[in-house]
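2 protein chains.
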Amino acid sequence: MERLDPDKLSVEFRTGVTSEEPVIGRKYTLTHSDETGELYLTIGLDYAVDQISWMRDEVLAEWVPHEETPFLQVYVYVDGANDSFVSEIRDKIFRRELPLALEAIRYGDRYFFEVHPKLDQAPIWIYFGSKDPDYNSFEYWGTPADYA
Amino acid sequence: MERLDPDKLSVEFRTGVTSEEPVIGRKYTLTHSDETGELYLTIGLDYAVDQISWMRDEVLAEWVPHEETPFLQVYVYVDGANDSFVSEIRDKIFRRELPLALEAIRYGDRYFFEVHPKLDQAPIWIYFGSKDPDYNSFEYWGTPADYA
Numbered sequence: 001m002e003r004l005d006p007d008k009l010s011v012e013f014r015t016g017v018t019s020e021e022p023v024i025g026r027k028y029t030l031t032h033s034d035e036t037g038e039l040y041l042t043i044g045l046d047y048a049v050d051q052i053s054w055m056r057d058e059v060l061a062e063w064v065p066h067e068e069t070p071f072l073q074v075y076v077y078v079d080g081a082n083d084s085f086v087s088e089i090r091d092k093i094f095r096r097e098l099p100l101a102l103e104a105i106r107y108g109d110r111y112f113f114e115v116h117p118k119l120d121q122a123p124i125w126i127y128f129g130s131k132d133p134d135y136n137s138f139e140y141w142g143t144p145a146d147y148a
Numbered sequence: 001m002e003r004l005d006p007d008k009l010s011v012e013f014r015t016g017v018t019s020e021e022p023v024i025g026r027k028y029t030l031t032h033s034d035e036t037g038e039l040y041l042t043i044g045l046d047y048a049v050d051q052i053s054w055m056r057d058e059v060l061a062e063w064v065p066h067e068e069t070p071f072l073q074v075y076v077y078v079d080g081a082n083d084s085f086v087s088e089i090r091d092k093i094f095r096r097e098l099p100l101a102l103e104a105i106r107y108g109d110r111y112f113f114e115v116h117p118k119l120d121q122a123p124i125w126i127y128f129g130s131k132d133p134d135y136n137s138f139e140y141w142g143t144p145a146d147y148a
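If you read the protein sequences in the order shown, they are chains X and R. Quick note: the first sequence, position 66, residue 66 per UniProt numbering, numbers continuous. Quick note: the second sequence, position 130, residue 130 per UniProt numbering, numbers continuous.
Rather than coming from a laboratory, the hints here were simulated on the basis of the structure. Just so you know, not all the hints are guaranteed correct.
Given that identical chains are not distinguished, each listed pair holds provided it fits within a single copy or across any two copies.
Unchecked claim - Pairs of lysine to any residue residues, derived as SDA-like cross-links and limited to a Cα-Cα distance of at most 25 Å, are as follows:
1) 131 to 11
2) 131 to 56
3) 92 to 45
4) 131 to 36
5) 131 to 37
6) 131 to 67
7) 118 to 91
8) 131 to 145
9) 92 to 110
10) 131 to 40
11) 27 to 16
12) 27 to 86
13) 131 to 10
14) 8 to 131
15) 27 to 71
16) 27 to 55
17) 131 to 22
18) 131 to 15
19) 8 to 33
20) 118 to 132
21) 131 to 51
22) 131 to 3
23) 131 to 44
Extracted from the complex, chain X is given alone in its bound form (with noise of 0.2 Å):
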């Protein structure tokens, strides 16, 4: 598995979200360019709808409250121009990159999991979104201490 390089991630904190709070709402929109490797975190209380460019290559990533200790929801956009070759492709690409990408979501907020220990156990859930049955998926991704 490629690993992250931390000088090649941005993080940007938005209105309403600190390095600690909140855990329910906080929401991550992680993009990168393809040229260069840069990755780009933006966390905030909604999804950066500016960030994610029409490629919909971008990794998106909620806490969600589930009885004692939320989860992490992350989700990818695995459709593209309706054509389930595209589907076979993006779904093959998004699973490659997915650990670097939760990598990239443990590390850039990485004070957050000093504060809240215990959501470093908690599950993460990745919802592959299709409109193909072959393609569209909800599993179990380990927890984010896995990926740092």
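With chain X fixed as given, assemble chain R onto it according to the hints.
Just chain R now, with coordinates in the frame of chain X:
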């Protein structure tokens, strides 16, 4: 201007939003099918990122607090394919389709405007989001009453 055909508009209210509440935090995601001309309006506390296609031709809107009366902030993503010609075309298409989109939001959420008649006079500000300064702009587009 093309007029809204109410039979071609589907409206979905998501968790946390009713036809009356809330004002602040209420978000609209409007998408469409080029093939059928159907419009899909999702009203929720978040943008419906699952409804935003790789084309990024959706219209997003939300109520933003401002002094005595909130305003409706609308957002469209002008860029595509890192190409200023594509941005020029997309900008033109959005400008052509926005009156219909605003009519769809106003009609789709009509009970909300009945309960909050002041909001029919609220300003609508449209943010055309682009990295190209020629297309990046923030413009006043009247009030919801203009699209009723």
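- Item | Hint check against the structure, violated hint numbers in rising order | Result: hints 3, 6, 7, 8, 9, 12, 17, 20 and 22 break, sorted rising.
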